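Turn these sequences into a full structure, and let the hints guide you.
Here the sequence shown stands for residues 10 to 236, numbered as in the working numbering.
In short, the hints are calculated from the structure, not lab data.
Note that the structure is predicted; figures quoted are calculated from it, not measured.
Accuracy of the hints is not assured; some may be wrong.
[What the hints assert, rightly or not] Computed list of lysine to aspartate or glutamate pairs in EDC-like fashion (alpha-carbon distance at most 20 Å, straight line):
1) LYS221 - GLU188
2) LYS222 - GLU182
3) LYS219 - GLU182
[What the hints assert, rightly or not] Have a look at the derived ranges for each label pair, beta carbon to beta carbon:
4) PRO53 - LEU89: 31 to 39 Å
5) SER200 - VAL144: 38 to 46 Å
6) ARG185 - TRP73: 20 to 28 Å
7) ARG123 - GLU188: 22 to 30 Å
8) PRO119 - ALA202: 17 to 25 Å
9) TRP67 - VAL144: 43 to 51 Å
Ideal Cβ placement from N, Cα and C applies to all residues, glycine included.
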Amino acid sequence: MIGRAPSPASRSIERRSPARRLVGAPRFVAYLALQVAVFSCPFPWLAAPALAALGLGWSEGRRWSAWLVRSGPLVIAACLPALVGFPWAELVGWLGGAEVLRALLAGWEPSLLRSARLALVLASASWLSEGMSPVELREALVVLLRPLGARAGGRIARAASLTMAFVPWTAAELRRADEAARLRGSDPARSPAGHLGALSVPLVSRVLDKAKKGSEALTLRDPGFGD
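What follows is the structure, encoded as structure tokens:
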């Protein structure tokens, strides 16, 4: 009806509408800034790029919980440094008071930092790929790498866009390998390293085969690409 006031439900939907996406070169620049911050910030300042990445995704309507579910094997891989680096021999020290606990956490901090950085790299790469196609990435890099010259900048831009094009395919293959490993009895909760080993062999084989076919197709299409 004309002139009818919006209902509370419609106002709620409008409030949850995602903001306009960053596109093109600004999106890639934001991604690069996140990477610099991730690898430059020590603990606890690493929380700043983490909140920035979460905020960028949230502002575009991204559900990070759904990403965690879809990227289960990758999340397990990101957690491995923290698991391997945990000072298990000093676990009894948890009962020794605050001083011992602080010493234990200080020894564990480098491994935790590696896991946190890896998780943030994966999350920010997912944010980049969700809002930017390989073609858009190539066009953005051509602009950003113009000082290197048309030939060198074009090669780098094309190589990066091809790498990005592999991300969705690799993620799909990883999910298939994960399902196959679970059907064979592999349990990531019981043995994370063993589960990743069961995933790696078929996944690496498929990725190498895909890369070979892609390289051959690109060479036929553009013989000067590898020069």
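Can you confirm whether the C-alpha distance between LYS219 and GLU182 stays at or below 20 Å?
Holds: LYS219 and GLU182 sit about 11 Å apart, inside 20 Å.
Decide if the proposed pair is consistent with the structure: LYS221 and GLU188, CA atoms, cutoff 20 Å inclusive.
At roughly 25 Å apart (the allowed maximum being 20 Å), GLU188 and LYS221 break the hint.
Confirm or reject the claim that TRP67 and VAL144 have a C-beta distance inside 43 to 51 Å.
Distance hint for TRP67, VAL144 is violated at roughly 26 Å.
Cβ separation of SER200 and VAL144, checked against the hinted range 38 to 46 Å:
For VAL144 against SER200, whose Cβ atoms are near 41 Å apart, the range 38 to 46 Å holds.
How does the Cβ-Cβ distance of PRO119 and ALA202 compare with 17 to 25 Å: does it lie in that range?
For PRO119 and ALA202 the Cβ distance comes to about 19 Å; the hint holds.
Take the C-beta atom of ARG123 and the C-beta atom of GLU188, compute their distance, and say whether it sits inside 22 to 30 Å.
Taking Cβ atoms as reference, ARG123 and GLU188 lie about 28 Å apart, which means the hint holds.
Given the hint that LYS222 pairs with GLU182, does the C-alpha gap stay at or below 20 Å?
holds (16 Å)
Taking the Cβ atom of ARG185 and the Cβ atom of TRP73, is their distance within the range 20 to 28 Å?
holds (23 Å)
A range of 31 to 39 Å was offered for this pair. Does it hold for the Cβ distance of PRO53 and LEU89?
For PRO53 and LEU89 the Cβ distance comes to about 22 Å; the hint is violated.
Going down the numbered hints, you'll see the structure goes against 1, 4 and 9, while the others check out.
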